[in-house]
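Chemist: With chain A held as given, fit chain B onto it using these hints.
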Amino acid sequence: MTTRALDPVQRRAIRQRQLRRAGVYALAILIALWILLPIWLIGTMAFSTRDDVYSFPKQIAPIPFTTDTMQFFIDQPGIIDGTRNSILVAMITLAMSTTIAAPAGYAISRYFFVGRDAFRLGILAVRAFPIVILAVPLAVTFIEWGMFDKVYSVALMHTALTLPTTILVVSSVFASVPREFEEAAKVFGCNAYQAFMRVVLPLVMPGIAASAIFTFVMSWNEVFAATLLTIRNRTLPALILYQLNKSSLQFQYAGGFFMLVPSLIFIFFIRRYLFNMWGQITK
Amino acid sequence: MAEIRVEKAVKTFGKVVAVDNASLTVHEHEFVVLLGPSGCGKTTLLRAIAGLGMVDSGRIMIGSRDVTYLPPKDRNISMVFQSYAIFPHMRVFDNIAFGLKMKRMPKDDIKRRVQAAAELLHIENFLDRYPSQMSGGQRQRVAVARAIAVHAEVLLMDEPLSNLDALLRLEMRAELKRLLAELKATTVYVTHDQIEALSMGDRIAVMRDGKILQFDSPTTVYDMPADRFVAGFIGTPPMNFLEGQVRRQNGAVSVYIGDYALKPIPEMVEALARYDGQPIVAGIRAENMEALSQPAEDALKVTVLVVEPLGSQNLLTIRIGSDIIKVSTHPDFRAVPDQPIWIRFPSDKIRWIDRDSGKTLIPDLGALMS
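The listed protein sequences derive, respectively, from chains A and B.
Heads up, the first sequence is in our numbering, so the first residue is 1 and it goes up one at a time.
Heads up, the second sequence is in our numbering, so the first residue is 1001 and it goes up one at a time.
It should be emphasised that the hints constitute simulated quantities derived from the structure, not laboratory data.
Mixed in with the good hints there might be a few duds.
Stated by the list, open to error - Just some of the chain B residues that point at chain A, by a computed CB distance under 10 Å:
| no. | residue |
| --- | --- |
| 1 | Ala-1050 |
| 2 | Leu-1052 |
| 3 | Ile-1077 |
| 4 | Arg-1146 |
| 5 | Leu-1156 |
We treat Cβ as the ideally placed atom computed from N, Cα and C, and that holds for glycine.
One chain only, chain A, in its complex shape (with noise of 0.2 Å):
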């Protein structure tokens, strides 16, 4: 103890230390929060009575806990044939998406090709060009094919928009295997097809699903597209867009809540294949 008391230089740096580390997790716990609340607000007032969703302040509760905002919303015209035209268009997209990107993704993770790099940034640029550049001519070239107004037309433009993202994860889930498994199969009596059929796919289905998944949910969620391309079949998020503006509190509520559980879900369930996308370790 005596030592303590004469030693300022150390208690200082202690003092120093506890104030830096205290500083982080203040402004961990303050983004934590700013992402968070409105998650909590919207899941609240979604089952909250139709008075406690007007009162304010806002309650920090669903009590009492009621279903009749969530009944009023799906009971809104459009609602359920919005969500089969979203869960259609996301399923489309996924096929499409992850049965381009599969081998896209293996051939650079695999192969050293002339290109590759150009090839890899090609990839990233196609995110890079402004989509609302894009949407006016696309949306005149569809309407000139007939394809305007379609599920398959959203679903097209879908795959476009999550190819590059889904190509980048499924590349980084093949380059998690190590070339040697194949090697090794070759040796022991496997041609390529073979080795890639009974130990690269068995290794890297998990990773493929999550990043079909991971597809799943940025179509679900993607509303400009899907607004500029359709009128009467709406997918979900362009349909409660487009009503927002004239539509009541619950109406936003609910349809928030809605649209979050499904990405909640999936995101959950895939996030450490996520995280693996950006090299960290996770077992």
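Modeler: The following block gives chain B in isolation, referenced to the frame of chain A:
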């Protein structure tokens, strides 16, 4: 039947020549070690034999078959990878059985073979486990078991022990050697660890910059290195080099290290005489010099720089002229830094090396003398 012949193999990666016109014959049942520093092309050569990287030119024969352009599965080979590469989604049993299943062997035979291979490597109790539930040493055993279960004519090993900790490596080294002697497979084993090479191989091919510098038995490679690189790469500590001057006086040839004259053995006189008046390099191993605490006839007085007691020996670092050398002495030998001792050089243990080319003079001296 399963002799391996590599003829004039060349493999380049862009501008880098990884294997440079390498030729080598591995006899049936022989255990050959490819040894060299990293980047010397030893792994590339092994992969060429395995079929995992085709050579640019040259020929690779296994037995009487030309396998140069055959895929790995048609070469009747087996391999242990440095990273083990055992399949994480399969149980140990299925890993060991993998090659046998690919051959569509009957189930009972597979079971028997897997059991036998597992018993040889003492992992018969782990057959139901997944690789992630095993330690590094156990995984290594699975990789070896998988390789021997297929009974291939040729067994290739790419630094199989390098990922084990020192104690386990020592243990596994002896076990592998015994196992491979029993199996009698023709084996090519890649390592950068010269002790591993010396202790395990029937013959060692020392490689550097894609070339095979020397291909001989461990004792010959150690005792009669073909050139200065081999001499300096093999041995702990590596061979010492002393620069001297050849002088011919009255028909006798001596090599002067400063004022001290080394007398070469009679077999060397003729070769050394050609260097009259020119510099030459004397190579001698640390354990071949005799350290004396008293002055003696034909002993050179030197000053000790460092004394390292290593338990089984005392390793002395000594300066002679501008050269620093290591001398290994009995652990009881007393030496103190900055104090003089006397060194005697047994002339039959000195290897003479051309200073410019780095080549050993009369490298087959051993055969000459015996």
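Chemist: Next step is simple, just say for each hint if it's right about the structure.
Modeler: Hints, verified against the model:
Nearest Cβ of chain A to the Cβ of Ala-1050 (chain B): about 6 Å, under the 10 Å cut. The hint holds. For Leu-1052 (chain B), the interface hint holds, the least distance from its beta-carbon to any beta-carbon of chain A being 5 Å, beneath 10 Å. Taken as an interface hint, Ile-1077 (chain B) checks out: its beta carbon lies about 6 Å from the nearest beta carbon of chain A, inside 10 Å. Given hint, Arg-1146 (chain B) at the interface with chain A, holds; its Cβ is 7 Å from that chain's nearest Cβ, closer than 10 Å.
Proximity of Leu-1156 (chain B) to chain A holds as hinted, the smallest CB-CB distance being about 8 Å (cut-off 10 Å).
Checked against the numbered hints listed earlier, the structure breaks none of them; every hint is satisfied.
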